[in-house]
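With chain R fixed as given, assemble chain S onto it according to the hints.
Chains R and S supply the protein sequences, listed in that same order.
Residue numbers for the first sequence follow this note's numbering, so the first one is 537 and each next one is one higher.
Residue numbers for the second sequence follow this note's numbering, so the first one is 537 and each next one is one higher.
Calculated from the structure, these hints are not laboratory results.
Some hints could be false.
[To be verified] Where chain R lies over chain S, by a calculated footprint (3+ residues, C-beta under 8 Å):
#: 1; stretch: 568-578
#: 2; stretch: 669-679
#: 3; stretch: 769-779
#: 4; stretch: 838-850
#: 5; stretch: 885-899
#: 6; stretch: 931-938
Just so it is clear, CB atoms sit at the ideal spot from N, CA and C, and this is done for glycine as well.
In case you want the letters, here they are:
2 protein chains.
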Amino acid sequence: MQTEIINIGDELLIGQVVNTNASWMSEQLDLAGFPVHRVTLIRDDPEEILTILKEAGQRAEVILITGGLGPTKDDLTKETLCRYFNTKLIFDPVSFQNIEKMFHARGFAMTEVNRKQAEIPENCIAIANANGTAPGMWFEITKTRAGTKQIYISMPGVPFEMKAMLVNEVIPRLKKCFQPVTVLHHTLLTQGIGESFLSDILEEWEAHLPENLHLAYLPQPGIVRLRLTGKGDNEVSLQKLMDEETDKLKSLIPEYIFGEGDTTLEAVVGNLLRNSGTTLATAESCTGGYIAHLITSIPGSSAYYKGSIVAYSNEIKIKELGVSERVLEKEGAVSEAVVITMASTVRNGFGTDYSIAVSGISGPDGGTEEKPVGTVWIAVAGPSGVKAVKYLFGDNRERNIRRTALQALNMLRKTILEQL
Amino acid sequence: MQTEIINIGDELLIGQVVNTNASWMSEQLDLAGFPVHRVTLIRDDPEEILTILKEAGQRAEVILITGGLGPTKDDLTKETLCRYFNTKLIFDPVSFQNIEKMFHARGFAMTEVNRKQAEIPENCIAIANANGTAPGMWFEITKTRAGTKQIYISMPGVPFEMKAMLVNEVIPRLKKCFQPVTVLHHTLLTQGIGESFLSDILEEWEAHLPENLHLAYLPQPGIVRLRLTGKGDNEVSLQKLMDEETDKLKSLIPEYIFGEGDTTLEAVVGNLLRNSGTTLATAESCTGGYIAHLITSIPGSSAYYKGSIVAYSNEIKIKELGVSERVLEKEGAVSEAVVITMASTVRNGFGTDYSIAVSGISGPDGGTEEKPVGTVWIAVAGPSGVKAVKYLFGDNRERNIRRTALQALNMLRKTILEQL
Numbered sequence: 537m538q539t540e541i542i543n544i545g546d547e548l549l550i551g552q553v554v555n556t557n558a559s560w561m562s563e564q565l566d567l568a569g570f571p572v573h574r575v576t577l578i579r580d581d582p583e584e585i586l587t588i589l590k591e592a593g594q595r596a597e598v599i600l601i602t603g604g605l606g607p608t609k610d611d612l613t614k615e616t617l618c619r620y621f622n623t624k625l626i627f628d629p630v631s632f633q634n635i636e637k638m639f640h641a642r643g644f645a646m647t648e649v650n651r652k653q654a655e656i657p658e659n660c661i662a663i664a665n666a667n668g669t670a671p672g673m674w675f676e677i678t679k680t681r682a683g684t685k686q687i688y689i690s691m692p693g694v695p696f697e698m699k700a701m702l703v704n705e706v707i708p709r710l711k712k713c714f715q716p717v718t719v720l721h722h723t724l725l726t727q728g729i730g731e732s733f734l735s736d737i738l739e740e741w742e743a744h745l746p747e748n749l750h751l752a753y754l755p756q757p758g759i760v761r762l763r764l765t766g767k768g769d770n771e772v773s774l775q776k777l778m779d780e781e782t783d784k785l786k787s788l789i790p791e792y793i794f795g796e797g798d799t800t801l802e803a804v805v806g807n808l809l810r811n812s813g814t815t816l817a818t819a820e821s822c823t824g825g826y827i828a829h830l831i832t833s834i835p836g837s838s839a840y841y842k843g844s845i846v847a848y849s850n851e852i853k854i855k856e857l858g859v860s861e862r863v864l865e866k867e868g869a870v871s872e873a874v875v876i877t878m879a880s881t882v883r884n885g886f887g888t889d890y891s892i893a894v895s896g897i898s899g900p901d902g903g904t905e906e907k908p909v910g911t912v913w914i915a916v917a918g919p920s921g922v923k924a925v926k927y928l929f930g931d932n933r934e935r936n937i938r939r940t941a942l943q944a945l946n947m948l949r950k951t952i953l954e955q956l
Numbered sequence: 537m538q539t540e541i542i543n544i545g546d547e548l549l550i551g552q553v554v555n556t557n558a559s560w561m562s563e564q565l566d567l568a569g570f571p572v573h574r575v576t577l578i579r580d581d582p583e584e585i586l587t588i589l590k591e592a593g594q595r596a597e598v599i600l601i602t603g604g605l606g607p608t609k610d611d612l613t614k615e616t617l618c619r620y621f622n623t624k625l626i627f628d629p630v631s632f633q634n635i636e637k638m639f640h641a642r643g644f645a646m647t648e649v650n651r652k653q654a655e656i657p658e659n660c661i662a663i664a665n666a667n668g669t670a671p672g673m674w675f676e677i678t679k680t681r682a683g684t685k686q687i688y689i690s691m692p693g694v695p696f697e698m699k700a701m702l703v704n705e706v707i708p709r710l711k712k713c714f715q716p717v718t719v720l721h722h723t724l725l726t727q728g729i730g731e732s733f734l735s736d737i738l739e740e741w742e743a744h745l746p747e748n749l750h751l752a753y754l755p756q757p758g759i760v761r762l763r764l765t766g767k768g769d770n771e772v773s774l775q776k777l778m779d780e781e782t783d784k785l786k787s788l789i790p791e792y793i794f795g796e797g798d799t800t801l802e803a804v805v806g807n808l809l810r811n812s813g814t815t816l817a818t819a820e821s822c823t824g825g826y827i828a829h830l831i832t833s834i835p836g837s838s839a840y841y842k843g844s845i846v847a848y849s850n851e852i853k854i855k856e857l858g859v860s861e862r863v864l865e866k867e868g869a870v871s872e873a874v875v876i877t878m879a880s881t882v883r884n885g886f887g888t889d890y891s892i893a894v895s896g897i898s899g900p901d902g903g904t905e906e907k908p909v910g911t912v913w914i915a916v917a918g919p920s921g922v923k924a925v926k927y928l929f930g931d932n933r934e935r936n937i938r939r940t941a942l943q944a945l946n947m948l949r950k951t952i953l954e955q956l
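If we strip away everything but chain R, and leave its shape as in the complex, we get (with noise of 0.2 Å):
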């Protein structure tokens, strides 16, 4: 079975907007159990439009479309919907409905334009929008030859809009019209080690894994994702199969996990620290406040964050840290007494449970033979005591600096887990 996407628009073909709906798409789908053969972005023309439909309807068993359903395109993609398979446009009062439920609650009053949304192919079902005004379509095609289904679906190419209308209305009808084999996924974060060096440990698990699982490596600046997918026909053994898969995987590399599914490591340190009453202080130095922003994107962090002291200067490690000028100069800004001292430091200023302190050369310049870019210390401080370890990353100054972040963070979440 072949599944094909179709996303409709001028500004994906002059670059103006990066096409995220494809990749994202593809995956939603792939993940279901369609996976996708072909993807062809082209312009909101209706000759190109047609043009396409007819292709992608020689090879394909579904077809998903986006974009072109805006209030002032409506009648382009519609019409070019209607032309291709010879029929026209008809009034669907449940899609009106739900249109003026829309303007009811933005507290705008409907236009003409508006009422022409809720006008739909006559042979197509309408899909509800929960995200905006203009609904989707589903077409379903016979064909004659052995009566095998052929079907088109038509979304918004607003992604917020898309994507819950992929996920809840159109991926459980083509579940249910062409029952494809069952695809379970598991996904296991894990930081601090390279790709490779993972690869290194897990290829003898890997060589030995049942055919109907893989494992796919999604790699991050200091993060990679595992992501372990089943495909089979009984759900049940399937998934008993996973798990046990997914048991032998985290003996392998426990040390390097953080979490499972589609959180991050900040939302994984905060709910540990949410979750046992205690707080948190950072002191930065290379990192520049990129520590504080990750932990501070969680809502309602102000519960167990206090807050950082950002020291970008020597002057300001010594005035703010307690960081004395002998050290600074005897062992440097990026040495282990200094990062012991900032993270002592806040966490006794701050009056907080845990701290975290780094200091390092992120580049580009800096750098000396000794101290090479990339060179970093961290420091975490807790109820038991002090401690800081030594890292040496590679020479992209962004990626320094997420890296040191992602380290600092996962050093803290072992030490909170020590504690508990």
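Quick look at chain S alone, frame taken from chain R:
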């Protein structure tokens, strides 16, 4: 003339990687006078590659292909190109020298697989890859009918390698081949005004723009980029026209423009501080370190930035920033009095010329009727004193943090300019 892009890669069709190449290439090609009509993403599959080459070959004069050129996938794409053009692979000594040079620089030993990367289809010209081992390939086909040209270009999928190749090698050659109209563009960066308000101010000027000039609004949270694009046959007169209209545009919204081209607000502020030999400190509440992070994302920022106190609790505002308990009780943490004290204390304490202080309600919780989510006070202190302004942003936490930081940086920028 039609231009098409073909992106090859399984990783793009399972959602593992967002296809940023397509939008980036589209933008560069559009601005160079080669508007893109269609983008197709397909799998690493020889039959799929062959099919799309045939299809695109029927439609377009310029066909750009990315992906499938890594050492392990080499034979696949190159041999498919050989099949399509009915030719064979030959050894290219110049590409081989480049590969040898790359391996030498990285200190790795070459293998037979790497040697094969220097093999290219006999009917193409190798395009130098400044950032990798796989050469690009330029196929120039003269169609019999009327002697029109058709160009196929195969490039690596790695963005870093593709980008340099497209800009430095491919686009200049395409321009020589097809002599498209001259396209000039100029981008102005604005902060502190939304797209619709900007378009109200600019409406009349836009309506009187010469037909060959066009303005695009490129909005991001807190920033709107205005890109003026001109097309014409004579570069000198087009440049003159562009300059005139850019000057008119600037005169309409001088207070909102913080820069031009590809820069950022944090870089503009950094340059002002560096060039005036002045220094900065920050005191952040609701932005939780994000302002410090933006400032320190600029290499060399330690020359002018001393640090920040992130006071995410009232206790720390009292202890570290000299805010009085009485004022906190009477006025609340989100108030003029509090940000003014924060700005003054950090400026004095850190011994800097300038300081920024922010306090607000980022949301989703913490809003009241009097101070709803999105309420923010920003203060900037400098040699001439301290001033504070109240803003009301929206209800999205992430956007509120971003908009507050940008607004504060722009307020600082204006304060520094007043001092010069």
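- Would you say the stretch 669-679 of chain S counts as covered by chain R, given the rule of at least 3 residues with C-beta under 8 Å? violated (count 0)
Between the stretch 931-938 of chain S and chain R, are there enough contacts, at least three residues with CB-CB distance under 8 Å, for the coverage claim to hold? holds (count 3)
Checklist entry - the stretch 838-850 of chain S covered by chain R? Criterion: 3 or more residues, Cβ-Cβ distance below 8 Å. => result With 10 residues closer than 8 Å to chain R, the stretch 838-850 of chain S meets the three-residue bar; holds.
**Message:** Taking beta carbons only, do three or more residues of the stretch 885-899 of chain S come closer than 8 Å to chain R?
**Reply:** With 4 residues close enough to chain R, the hint holds.
Count the residues of the stretch 568-578 of chain S whose Cβ falls closer than 8 Å to any Cβ of chain R, and tell me whether that reaches three.
holds (count 8)
Examine the stretch 769-779 of chain S for residues whose CB is less than 8 Å from any CB of chain R, and state whether their number is three or more.
violated (count 0)
Going down the numbered hints, you'll see the structure goes against 2, 3, while the others check out.
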